[in-house]
Amino acid sequence: AQKITQTQPGMFVQEKEAVTLDCTYDTSDPSYGLFWYKQPSSGEMIFLIYQGSYDQQNATEGRYSLNFQKARKSANLVISASQLGDSAMYFCAMRNHYTGRRALTFGSGTRLQVQP
Amino acid sequence: KAGVTQTPRYLIKTRGQQVTLSCSPISGHRSVSWYQQTPGQGLQFLFEYFSETQRNKGNFPGRFSGRQFSNSRSEMNVSTLELGDSALYLCASSLGDSPDGTQYFGPGTRLLVL
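Chains A and B supply the protein sequences, listed in that same order. If you count by my numbering, then the first sequence holds residues 1 to 116, one letter each, in order. If you count by my numbering, then the second sequence holds residues 117 to 230, one letter each, in order.
If you are wondering where the hints come from, they were derived from the structure by calculation, not from laboratory data. Do not take every clue at face value.
Claimed, not checked - If you only want the chain A side, here are some residues facing chain B, beta carbon under 7 Å, derived: (1) Asp-29; (2) Gly-33; (3) Gly-43; (4) Met-45; (5) Phe-47; (6) Tyr-50; (7) Gly-52; (8) Ala-103; (9) Phe-106; (10) Ser-108.
This one's a predicted model, so the numbers in the text were calculated from it and none came from an experiment. Using N, Cα and C, we set each Cβ at its ideal position, and we do this for glycine too.
Looking at chain A on its own, in the form it has when it is part of the complex:
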């Protein structure tokens, strides 16, 4: 079975500073994808960044980067230059690449609060 663990229920960061949100995963499948989503209080899940298990380089999307350490089974999200609008829940998710097990499995989330 696959599992995502996010050990930080809540995080605080000062505006303009960088913050790392932790995510570890467990799967027996050799091919999988890792995703990060942001969920503001409105409820909509906003896609941030994707990392494939065979990607050689860490993914980056603007202020978001993913620190992927395959041997340690971790996929931490780094947000640089935090903004007040970054305050939200952040979810790490995994999707295996084999038919029948392609549903997203989510972690429990980390609530990030950016302080002015």
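Please build the complex by placing chain B on the supplied structure of chain A, with the hints as guidance.
Showing chain B alone in chain A's frame:
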């Protein structure tokens, strides 16, 4: 391009009733998945549809059902509602059948069962 839309956005029902939620995927997307989000259980997968066929189903009772139409729009139905069905129901669409396809979510339907 318009995003994933879900209707209704809010719904209040009583125990024993049934409810139908609707999801329109991003134009051109053929895969639709449904998730339930509750404070206690977090985000849990319900079903996945591709080209009108259910490809995958989560661990939910038979009261939860879904379908997908030829235009890729999807509906999910919950019969004999229970208090524990109160949740945010999220629909997500992806372009095709690729296993690494990103799922884009709608705003969700908040269901309250009294």
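These are the hints, each one checked on the structure:
| no. | hint | in the structure |
| --- | --- | --- |
| 1 | Asp-29 | violated (10 Å) |
| 2 | Gly-33 | holds (5 Å) |
| 3 | Gly-43 | holds (5 Å) |
| 4 | Met-45 | holds (4 Å) |
| 5 | Phe-47 | holds (6 Å) |
| 6 | Tyr-50 | holds (6 Å) |
| 7 | Gly-52 | holds (6 Å) |
| 8 | Ala-103 | holds (4 Å) |
| 9 | Phe-106 | holds (4 Å) |
| 10 | Ser-108 | holds (5 Å) |
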